[in-house]
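Novice: Let the hints inform the model, and build the full structure from the sequences given.
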Amino acid sequence: MNKLTRALLGATATCALAAAAHAETLTIATVNNGDMIRMQGLTEDFTASHPDIELEWVTLEENVLRQRVTTDIATKGGQYDVMTIGNYEVPIWAKQGWLVPLTDMGDDYDANDLLPAIAGGLSVDGTLYAAPFYGESAMVMYRKDLVEKAGVTISDASTWAEIKAAAEAMTDKDAGVYGICLRGKAGWGENMAFISAMANSYGARWFDMDWKPEFTGPEWTAALTDYLDLMTNYGPPGASSNGFNENLALFQQGKCGMWIDATVAASFVTDPKDSTVADSVGFAQFPAKDGMDNRGHWLWSWNLAVPAGTKNEEAAKAFVAWATSKHYTEIVAEEEGWRAAPPGTRTSLYENSDYQAAAPFAEMTLNSINAVDTSAPSVKEIPYTGAQFVSIPEFQGIGTAVGQQFSAALAGTVSGEQALQSAQALTEREMRKSGYIK
Amino acid sequence: MSRRSSTRRKALMTVLAWAVGLLLFFPILWTVLTSFKTEAVAIADPPVWFNFDWTLENYATVQERSNYGRHFWNSVVVSVGSTLLGVIIAVPAAWAMAFVPGKRTRDILMWMLSTKMLPPVGVLIPIYLIFRNLGLLDTRIGLVIVLMLINLPIIVWMLYTYFKEIPGEILEASRMDGAGLREEILYVLTPMAVPGIASTLLLNVILAWNEAFWTLNLTAAKAAPLTAFIASYSSPEGLFYAKLSAASTMAIAPIMILGWFSQKQLVRGLTFGAVK
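Those protein sequences? They're chains G and S, same order as listed. Per my numbering, residue -18 is the first one in the first sequence, and the count goes up by one each step. Per my numbering, residue 569 is the first one in the second sequence, and the count goes up by one each step.
In case anyone wonders, no lab produced these hints; they're calculated from the structure. One or more hints might be untrue.
Derived DEER-like restraints, expressed as beta-carbon distance ranges [said to hold, decoys possible]: (1) G:V105 / S:V689: 27 to 37 Å; (2) S:K578 / G:N214: 49 to 59 Å; (3) S:V689 / G:G132: 29 to 39 Å; (4) G:D210 / S:K578: 48 to 58 Å; (5) G:K419 / S:Q631: 56 to 66 Å; (6) G:G132 / S:T582: 51 to 61 Å.
Predicted, not measured: the structure shown is a model, and the values here were computed from it. For each residue, glycine too, the CB sits at the ideal point set by N, CA and C.
Specialist: So this is what it looks like as structure tokens:
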């Protein structure tokens, strides 16, 4: 009996040790959006081919996630094996040595298939530090029926003059229809994403070659004046508190003639389940100013990165390779249709005729992304890289503070000129404090 | 005449109380209603009140996507654990301050309270580093300690206020009867302050249950309580209000039920000594 007990205990201990030696648990921090949630539901395909890897998900709201993963990686907390981060963080963190370079992602990965504009924003000195899960630019979404009724045109390569004329013609405040809906809620990723892209298209830049801000220059003045003019005359009431979600709700309920925002919105506004205007949405490129070939350069991607120092580096890379592969896109198409495939990362997706047929916004999304050059978002020479943001660690704080000024101008509590002067002063002060301006 | 005026005043006060009550309860009511709507109805303008096709789909989605049970258990352990630990430390501290006050007692009380005035984010990095070095990140014991520390000033203050209401002569009498310090606190003081201690316990369980800075920043997958469960349904890019409302309803339901059943105790404790 004693022998048997000992044998059983020995076998149990061996099994437990063997299991402990083999089982790897990956903790994945991710953001709450439709594509990421879909991925969580499809991971059986990954765990079936990697039975020795278990997945633990930490899903958080975007801003909470950003604070959480930044704290963890900066302090080497080691809580996560895979992190979902934006293309704003990737180059900054890669230069700090905080991310594992993704150079060996397996034979099937085909890194050359990644869209050059997206991959470029995730690389430092030609090395990829994060794999894009989905990418987006910005474009004009408009109501074809209202445009036709108003007798105006919005060309595929739209201009600000066209947008203003269309906004004026489509506005019918008595019927609760507003010509244009744009972001007004303060934040570096909210109103400043849009206003920075608009300013880019007006030829403005955030900083000159000596890192001095240029808010009081003619380009920024023209861009903000036109933004305020559009929103005050043709925008919805209370627009200074509208972000992506508020505008999405307004557009889906037929209250906006046009909405200029992230291309990812196209899949929401054309979904008949949630949108009352799904059948009548047209798309155009982000507007350019007459005589200036510069379309805002809005580029955002959610990417999977492996923090340096993780104990499960190989397993983490295997997961990242799976989640951002062509194979994953095919699984999504098989389970939920091509329309649900994560957009904006791979050239092959846009060459796929099934995807083109299922997603009417595919071509415009691709054109918008391809038009982005993160090394030259403005027509002027700049000391930074970026798009609708500036790739420096200080930008989150500065961008939000400037956004508060512009949001106040939209709410009417300060004038546009006062907002620009305050933006100039506060940005100059922060840049001086951070040592950019000597 | 005066009776009529008093009746009118009473009616007015009743209406006012109901109005304030409903105003305070409205966000919760709206959250619960939204949790039974589809995402499209949740954002409808004008808002739809009751006339919609009620659905349990959001609850099913939340149940399928998240491990509610684990988050719930973490919330229970963390809120109850931190409160009990806090009370164990605070009872002797409050006894000392109430019955053996020194020259600096009021200063110490104010200093303890002043720690609540510091924005938590100001000490996030030091605490995060301490937790990392002690291996307390993403552990329930780590959260119990940090929540106990942040609520300790409130617990001490509340108990100090209740203890001050207890006549010192009773404690003196117990000492004359041969009670030691332990017996005095355990068998004389504590039973007399039960309403106060109970309301302190309840209030601090509620505060710890709702705490959403440290519980989000010091946890990942294992120790995350219901605050992290709610945060996983909020999104600035995508309209998931109905699902968010379902998650919120599931997160607040236990603590609301606890509050509902213990409201008499809670009110009695909070007003303990108020009319003396």
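Novice: Against each hint, give a clear statement of whether it holds in the structure.
Specialist: Cross-check of the supplied hints:
| no. | hint | in the structure |
| --- | --- | --- |
| 1 | G:V105 / S:V689: 27 to 37 Å | holds (29 Å) |
| 2 | S:K578 / G:N214: 49 to 59 Å | holds (53 Å) |
| 3 | S:V689 / G:G132: 29 to 39 Å | violated (54 Å) |
| 4 | G:D210 / S:K578: 48 to 58 Å | holds (56 Å) |
| 5 | G:K419 / S:Q631: 56 to 66 Å | holds (58 Å) |
| 6 | G:G132 / S:T582: 51 to 61 Å | holds (60 Å) |
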